[in-house]
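For reference, the chains in residue letters:
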Amino acid sequence: DVKVTQSSRYLVKRTGEKVFLECVQDMDHENMFWYRQDPGLGLRLIYFSYDVKMKEKGDIPEGYSVSREKKERFSLILESASTNQTSMYLCASARGASLYNEQFFGPGTRLTVL
Amino acid sequence: AQSVTQLDSQVPVFEEAPVELRCNYSSSVSVYLFWYVQYPNQGLQLLLKYLSGSTLVKGINGFEAEFNKSQTSFHLRKPSVHISDTAEYFCAVKDGRGNEKLTFGTGTRLTIIP
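The listed protein sequences derive, respectively, from chains S and F.
Per this note's numbering, residue 1 is the first one in the first sequence, and the count goes up by one each step.
Per this note's numbering, residue 1 is the first one in the second sequence, and the count goes up by one each step.
Rather than coming from a laboratory, the hints here were simulated on the basis of the structure.
Take the hints with a grain of salt, since some may be wrong.
EDC-like, lysine to aspartate or glutamate: derived pairs with alpha carbons at most 16 Å apart [to be verified]:
(1) S:K57 x F:E64
(2) F:K49 x S:D59
(3) S:K55 x F:E100
(4) F:K101 x S:E72
(5) S:K53 x S:E72
(6) S:K70 x S:D26
Example chain F residues on the side facing chain S (calculated, C-beta under 10 Å, incomplete) [unchecked claim]:
(7) V4
(8) S9
(9) V11
(10) P18
(11) R22
(12) N24
(13) Y25
(14) S26
(15) S27
(16) S28
(17) F34
(18) Y36
(19) G43
(20) E100
(21) F104
(22) P114
Residues of chain S placed beyond 10 Å of chain F at every Cβ, according to the derived structure [as the list claims (entries may be wrong)]:
(23) D28
(24) R44
(25) V52
(26) K71
(27) E79
(28) S80
(29) E102
(30) Q103
This structure is a prediction, so every number in the text was calculated from the model and none was measured.
Just so it is clear, CB atoms sit at the ideal spot from N, CA and C, and this is done for glycine as well.
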């Protein structure tokens with residue numbers, strides 16, 4: 001079974017703090033994704049990566065950055081957290097080189113910024 | 001750019017009754033369509049997908065969906081729901097140009113009434 005794990009289920013941070021959200025997948029997938037999920041807005045893509053050290057902006061990259069130093073790990077970074085970044089963050093991974101490949105999701109990290 | 005519309009944000013249904021969750025998409029190119037389910041406090045998992053071929057697609061847990069190109073729809077159905085089907089359901093589209101990005105709808109919360 002594909003497993004995507006996220007470092008924390010719940011996280012509380014203060015405004016202005018630097019926040020790291022970690023995601024690890026164990027299936028040697030090329031593609032990894034970070035989404036945020038908000039009520040009434042569904043899932044919105046923040047960033048994705050199709051290879052080590054490669055990244056592309058998604059639909060809402062402002063206020064976020066990412067890092068992919070190893071194939072299995074994809075980190076989302078909030079340089080200076082703000083209250084409007086309070087949300088559920090979901091990581092996903094998928095095998096590359098095929099349009100048919102489904103994305104596998106982690107359990108999510110619920111981040112609260114006070 | 002593609003988009004997905006899920007008109008119903010909440011659908012209450014009595015146990016053992018049938019259900020249909022609606023999904024409409026727009027895209028200028030051929031698409032691949034997906035339904036994901038999110039059970040409480042979990043990540044998303046794939047229910048079913050349409051890539052090509054038969055327009056009626058069967059998925060897990062007794063769900064099925066029908067691709068209708070003329071109506072640009074991909075509605076999800078189940079003939080008899082169970083309490084365990086209580087979850088949020090997301091429709092998603094990927095375009096056929098090699099882009100790995102998934103565009104999600106805003107979700108439909110299905111509540112089963114005993």
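To see whether the hints hold, each was checked on the structure:
1. The suggested pairing of K57 (chain S) with E64 (chain F) is violated, with an alpha-carbon distance near 33 Å, which exceeds 16 Å.
2. For a cut-off of 16 Å, the pair hint linking K49 (chain F) to D59 (chain S) is broken: about 23 Å separates their Cα positions.
3. With a C-alpha separation of about 12 Å, the suggested pairing of K55 (chain S) with E100 (chain F) holds against the 16 Å cut-off.
4. Between K101 (chain F) and E72 (chain S) the CA atoms are separated by roughly 19 Å; this puts the pair beyond 16 Å, and the hint is violated.
5. For the suggested pair K53 (chain S) and E72 (chain S), the alpha carbons sit about 12 Å apart, so the restraint of at most 16 Å is met.
6. Distance restraint check for K70 (chain S) and D26 (chain S): the Cα-Cα separation of roughly 12 Å lies within the 16 Å cut-off, and the hinted pair is therefore satisfied.
7. Look at V4 (chain F): its Cβ gets to within about 8 Å of chain S, closer than 10 Å, so that hint holds up.
8. Because the beta carbon of S9 (chain F) sits about 7 Å from the nearest beta carbon in chain S, less than 10 Å, this interface hint is met.
9. At about 15 Å, the closest approach between the beta carbon of V11 (chain F) and any beta carbon in chain S exceeds 10 Å, and the interface hint on this residue is violated.
10. The interface hint given for P18 (chain F) is violated, since its Cβ lies 25 Å from the closest Cβ of chain S, which is over the 10 Å cut-off.
11. Residue-level restraint check for R22 (chain F) is violated (minimum Cβ-Cβ distance to chain S is 14 Å; threshold 10 Å).
12. Taking 10 Å as the C-beta cut-off, the interface hint given for N24 (chain F) is violated, the closest approach to chain S being about 14 Å.
13. Of the supplied interface hints, the one on Y25 (chain F) is violated, with its beta-carbon coming no nearer than about 13 Å to a beta-carbon of chain S, more than 10 Å.
14. At about 15 Å, the closest approach between the beta carbon of S26 (chain F) and any beta carbon in chain S exceeds 10 Å, and the interface hint on this residue is violated.
15. For S27 (chain F), the shortest C-beta to C-beta distance to chain S is roughly 13 Å, which exceeds 10 Å, and the interface hint is violated.
16. The closest approach between the C-beta of S28 (chain F) and any C-beta of chain S is roughly 16 Å, which is over the 10 Å cut-off, so the hint fails.
17. Below 10 Å, beta-carbon pairs count as interface contacts, and F34 (chain F) has one with chain S at about 7 Å; its hint therefore holds.
18. For Y36 (chain F), the interface hint holds, the least distance from its beta-carbon to any beta-carbon of chain S being 8 Å, beneath 10 Å.
19. Hint status for G43 (chain F) relative to chain S: holds, with the closest Cβ pair at about 4 Å, below 10 Å.
20. A hinted interface residue such as E100 (chain F) counts as satisfied when its beta carbon comes closer than 10 Å to some beta carbon of chain S; here the least separation is about 6 Å, so the hint holds.
21. Checking F104 (chain F) against chain S: minimum C-beta separation of about 4 Å stays under 10 Å; hint holds.
22. Annotation: interface hint on P114 (chain F) violated; nearest CB of chain S at approximately 25 Å, more than 10 Å.
23. For D28 (chain S), the condition that its CB be more than 10 Å from all CB atoms of chain F holds, with the nearest at approximately 16 Å.
24. A beta-carbon of chain F comes within 10 Å of the beta-carbon of R44 (chain S); the shortest separation is about 8 Å.
25. Once the 10 Å rule is applied to beta carbons, V52 (chain S) is consistent with being away from chain F; the minimum gap is 16 Å.
26. Chain F leaves K71 (chain S) outside its interface by the beta-carbon criterion, the shortest separation being 16 Å against a cut-off of 10 Å.
27. Against chain F, the non-interface label of E79 (chain S) holds: every CB pair exceeds 10 Å, the least being about 24 Å.
28. Every CB of chain F lies more than 10 Å from the CB of S80 (chain S), the least distance being 27 Å, so the non-interface label holds.
29. The beta carbon of E102 (chain S) sits about 5 Å from the closest Cβ of chain F, which is not more than 10 Å, so the claim that it is off the interface is violated.
30. With a least CB separation of 6 Å from chain F, Q103 (chain S) falls inside the 10 Å interface cut-off, contrary to its annotation.
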